[in-house]
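**Student:** Listed here are the chains, written in short residue letters.
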Amino acid sequence: MLPGRVLDVGALVDIAVAKTNHSRSIAALCLYRGGGLCIPTTALTLVYSIVPLATKVELFDLISSSAVQVDDLTAGKVPDIAEILDGSSDITAGHVILCARATQWPILTDRPGILRNLDPAILVDPLPEQN
Amino acid sequence: MISDVIRAAVEREVGNMTHATILIQRWNLQCDDLDRAADALKVDRISDDVMLRLGLHRNQED
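Protein sequence lines, in the order shown, are assigned to chains F and R. Take 1 as the starting number for the first sequence in this note's numbering and just add one per residue. Take 1001 as the starting number for the second sequence in this note's numbering and just add one per residue.
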């Protein structure tokens, strides 16, 4: 099976600012081995709002690949995301989970517990913990 | 035609591989990083030949 990951906020921040090389390596290997990546626009927006300007080019380089799906939050997805959230206000988390359901790829994330609380069946690939 | 589908798939994969190697070099990823990622993804590690072409060297003990 071709490798793929849905990139949550923590993974995108890790790619942008290179806190570690883990997320960058996972992303590069997914592309190298013919797989893909999915980036929810809600997560990308959040990351663009918090990372330094100079690091945004790293994300731009990544999303310019044809194997990277940047998933828009469209009106048609609102009911499904609302059902996932079930009262929670974390729209990004709901969108990330919906992308993972659609792609069947694990979510590269630094908040596996939060995502599993919203969907216990979702596949997550936790980022290594930082000291 | 099926040949067009195959050609498109090959072009897509080659394009992705090229983009991936550009990212590997731009991000200055090392053999250890890529080997750990390959193991985590349960895919084959990048071969020694390709690593050398990327200017990367595996440690002898790896």
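Please keep in mind that the hints were generated in silico from the structure rather than gathered at the bench. Some hints could be false.
[Claimed, not checked] Label-pair restraints from in silico Cβ distances:
no., chain 1, residue 1, chain 2, residue 2, range
1, R, M1001, F, N117, 46 to 56 Å
2, R, N1059, F, N117, 15 to 25 Å
3, R, R1026, F, E129, 39 to 49 Å
4, F, I114, R, N1028, 49 to 59 Å
5, F, D72, R, N1028, 39 to 49 Å
6, F, S89, R, S1047, 21 to 31 Å
7, R, D1044, F, A18, 17 to 27 Å
8, R, L1052, F, D80, 41 to 51 Å
9, F, A18, R, K1042, 20 to 30 Å
10, R, D1004, F, D86, 22 to 32 Å
Idealized CB from N, CA, C, for every residue including glycine.
**Student:** Each hint needs a verdict: does it hold in this structure or not?
**Tutor:** Hint check results:
1. R:M1001 <-> F:N117: 46 to 56 Å: 49 Å, holds
2. R:N1059 <-> F:N117: 15 to 25 Å: 41 Å, violated
3. R:R1026 <-> F:E129: 39 to 49 Å: 26 Å, violated
4. F:I114 <-> R:N1028: 49 to 59 Å: Since the Cβ atoms of I114 of chain F and N1028 of chain R sit about 32 Å apart, the hinted range of 49 to 59 Å is violated.
5. F:D72 <-> R:N1028: 39 to 49 Å: At 32 Å between Cβs, range violated.
6. F:S89 <-> R:S1047: 21 to 31 Å: Between S89 of chain F and S1047 of chain R, where Cβ atoms are some 47 Å apart, the hint is violated.
7. R:D1044 <-> F:A18: 17 to 27 Å: 25 Å, holds
8. R:L1052 <-> F:D80: 41 to 51 Å: 47 Å, holds
9. F:A18 <-> R:K1042: 20 to 30 Å: 24 Å, holds
10. R:D1004 <-> F:D86: 22 to 32 Å: Given about 45 Å between the Cβ atoms, the range is violated.
Checked against the numbered hints given earlier, this structure breaks hints 2, 3, 4, 5, 6, 10; the rest are met.
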